[in-house]
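Listed below are the residues making up each chain.
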Amino acid sequence: MINSSSDSVKKLNSINRRMFITGSLKFFVMIGLVSRLFFLQIKENKKYLTLSDKNRIREWKLAPVRGEFHDYFGKVIAGNFESYQLHIIPEQVEDFRYVIYRIKDLLELSDREFTKILKKKNEIKSWETLIVSDNLTWKKFSKINNHLYDLNGVKPVISISRNYPYNENFTHLIGYVSQANANDVEKTEAIKKNFVPGLKVGKVGLEKSLEEKLIGTNDIERYEVNAYGRRISQLEFQKGEKGKTLKLTVDTKVQQLANELLKDKAGSICVMDIYTGSIIAMHSSPSFDPNLFVFGISQDDWQVIRNDPMKPLVNKTLQGNYSTGSTIKPIVALSALENRIINTNFTVECTGKKEMYGQTYHCWKKKGHGFVSLRNAMKQSCDTYFYEIARRLGVDKLSETAKKFGLGKEVFGDLFSIEKKGLIPNTQWKKNALGKGWLLGETMITGIGQGYIQTTPIQLCLMTAQIANGGYKIYPHIVENENKTQPIDKFTPLYKESKNIEIIQDAMFGSTNEVMGTSYRSRINDPKYQFAGKTGTAQVKKITERDRELDLKTFEIPYEERDHALYIAFGPYKNPRYALSILVEHGGNGSTTAAPMAKKLFKLIIDRHSLRDSTNKKKYLEI
Amino acid sequence: MYQHTRFTNNSFGFFQKFKNFDYILLACILLLGFISLATMYSTDGGKVLFHTKSHFFKLVIFTMMMIVISFINIKFWFVTGYFFYIIVVALLVWTYLFGIKSSGSQRWIDLYFINLQPSELMKIFIILCLAKYFHRMKLENVNSIYTILTSLIIILLPMGLVIVQPDLGTSLLIAISGIAVLWFAGINHKYFIYTMLGFLISLPFIISFLKPYQKLRVLTFLNPDRDPLGAGYQIIQSKIAVGSGGIFGKGFLKGTQSYLEFLPEKHTDFIFTLFSEEFGFVGSALLLIIYAIIIYRIVAIGASSRSYFAKIFCYSFGAAIFVYIAINMSMVLGLLPIVGSPLPIMSYGGSSMLATMIGFGVVMSARVHNQQAIA
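Note that the protein sequences, when read in sequence, are chains A and B. For the first sequence, counting from 1, position 540 maps to 540 in our numbering; every step adds exactly one. For the second sequence, counting from 1, position 271 maps to 271 in our numbering; every step adds exactly one.
What the hints contain is simulated information worked out from the structure, not anything from laboratory work. Some hints here could point you the wrong way.
[Unchecked claim] Cross-link-like lysine to aspartate or glutamate pairs, in silico, EDC-like; alpha carbons within 20 Å at most:
| # | chain 1 | residue 1 | chain 2 | residue 2 |
| --- | --- | --- | --- | --- |
| 1 | B | Lys239 | A | Glu44 |
| 2 | A | Lys54 | B | Glu261 |
| 3 | B | Lys254 | A | Glu224 |
| 4 | B | Lys138 | A | Asp7 |
| 5 | B | Lys254 | A | Asp53 |
| 6 | B | Lys239 | A | Asp53 |
| 7 | A | Lys10 | B | Glu140 |
| 8 | A | Lys125 | B | Glu261 |
[Stated by the list, open to error] Output of the computed footprint for chain B on chain A, the stretches with three or more beta carbons under 8 Å from beta carbons of chain B:
| # | stretch |
| --- | --- |
| 9 | 12 to 19 |
| 10 | 41 to 49 |
Model, not experiment: these values are computed from the prediction. In this text, a Cβ means the ideal position worked out from N, Cα and C, and glycines have one as well.
Okay, chain A solo, but in the shape it has when bound (with noise of 0.2 Å):
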């Protein structure tokens, strides 16, 4: 043997001695090894089960089925459809080319609808949903379902869309909806917490401003999902709560009439219940179709609509600042009333013009109308009278009366944002805004209704509805409020003396219905449908001496030059509960554009208030 056995011994002793220290080691490695395990599993379990789960679930939100509007009647004026929609997911597709082409030739796409959905494809993951068409015909849907066959990974699916039955009958009031943007998402928490891609919110009207309430609540599917995002397997279905159906109390069919009324012209009409102040109708011209907006509107359509002159955008009910013209005589008469400036005997002579701090002061009728009396005044809208009397009332008391009937602030509040306030001008007012000095001549001026004096058409209609209650406040509102708080103030009376208002309600009857008033021609002597009204015209540019020598039939004055036509009535008269206020831009004459539309009106308001009254009294049956 070459090894000597000592050096065998001590070459096994020494590797035996490795061995132990290396087993220890092992020894302690291991229990490092099953400790870090215990710590792992055992110990912070939760913590990486709770992060597994967030890993595998996912949660998909559907878009909200979004709560309807429906009229005094039940009628749906803002309803939901089921659109059909063609949905592909790309990575389902075998030959993506070949069906998008197909596809394009099925619905006759334009090219530039076509980029557009290639450019969307691009956009997204290849196992999310392509959506190609969000509103098909059924002409068309049908077409695609009858070549399914051919057409591998494209879904046709039925969704449900915003959708508006009565077209431009309704956009002013209840707005649109359209997709929400990155400002309504910031804006609104309900939007933001329901959003989803391609989610529609309202961007006008009551669809924005009751947003919170319409909106609804998510659908909400888990999915388990793996690593690259793709579904597995469907978890748990959460049904989301559709979005509150609200009851307007507008009606219909007045709502219709008032657009038939103000077609082609630009105007508006509302009419509103004189003791709950409920809107019946609401109506701004020109209108437009909301439901071309729901699904994105066209270039052409929106050039259509924003170049028209007579701006259709413009809610003039509620956003039209215009002078008031006669319509704000009976305030002035009340206000002279109600300060013991006049009696109902005060007389004043009109010649047709007056000349006072150097100015000359026309009535509208050139030849005057001799010796009036406050009714005769009012009935023939006798210039001189007024400016007599507002002269004497001065307009900061004149303002007090204005503004305690509405004028001036916004009638719904906060409802509407785009609402103005229009403007109730006095000595103070003008001092902070202009910096000068209140002059007489200027509230001569006010005292018909020109001048600084602006007030919005329902303004003037709530004006009118709280002379023809009697003298009461109420509280215009256009959503039924179902548990009927009001605020307190209501029916508070706005008067001194309740006979000043009688005065000012018998003047308009005469106005409406008796020889010589301005709006003789559109009474109805059926008592019945019997109104009391009082016509306006409000200038759009001063008159000169010109103006007045060559004395121009409407139809000779340029459409921008025209005087605004307005009416305000209530009615019936002996019975009263319904006022309106009528304004036609640029309608020239209030007796002959704005007073035949109020006679038609009431025609159909008082013939509906039974219905009306028996729909009410259902209710409250049901109950």
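Fit chain B to the known structure of chain A by using the hints.
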């Protein structure tokens, strides 16, 4: 002729050899094979797909090969120790020159029926080579400069060839196999301590030489949350999988992390993660016990071997296997940075299994021929 006579003198009968088998070791290896097969089945999503089939065939073939090797006299491995080492080094050179490139590294050679990864084989043949080198050495010569330099060259040569592939993980494992032999051969423990200290001191310099992706791995190890979807993704998801397993696991084929493809490399280096997620702490501990028994049997066989060669081989192989397991698990459990190191037998990969099975075969042969003395 001298050797030849010794060879024949010590040949045993077939049945005698059969009787000498270590059945506990064999049973443990078979059990491990079965567990690995079941886990592979789970990585395939509960279906018999490519990985399961391939793993099954490799398992059957290599287990039979191991039994065949058991019948070969341990002396054969002693005689051929250098030869095989040189063959594998040649294969590594071949790999360097003509190997198959895949995902940025050149580790495989195409043998037509199998893609072989020679670096895996080196893990076992370096032990055989060094064991032979130290077998005849007198203890006083072990610590001579000449011996140390020679053995270092034997280790560094294949290491270098593997590092250029590039495959840092495997080259480290090869080094560990070699160092294990040096340790058992009795090289002065001071050298180990000095090397360790030197390594620690030069660590910052080593890191500066690392490739960007390797640096990233170290940084990620130190703080996995710095890039949870990028470099830290693997380790975070792996910890989530293991941690969510709990005491008894989510159940066979029910591991959501792996089933839903949150685990990368789940059938190779990260197979323990999947196993642990589905079988929990109890299953993992059981798996560790099986490995512990295997290593214990290997050491026990070494202890009962008459020849120094068999002894040093068994001890070193046992230590190496242990280190492989420890490194793999520590990596998966977030205790070490990620280095490519398979879990023996469990991980998918033919070359690794082949090497391990050869190792088991040699150990078994040492058991069967434990009375064999080698001059």
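| field | List of violated hint numbers, smallest to largest | value | Of the numbered hints given earlier, the structure breaks none, since each of them holds.
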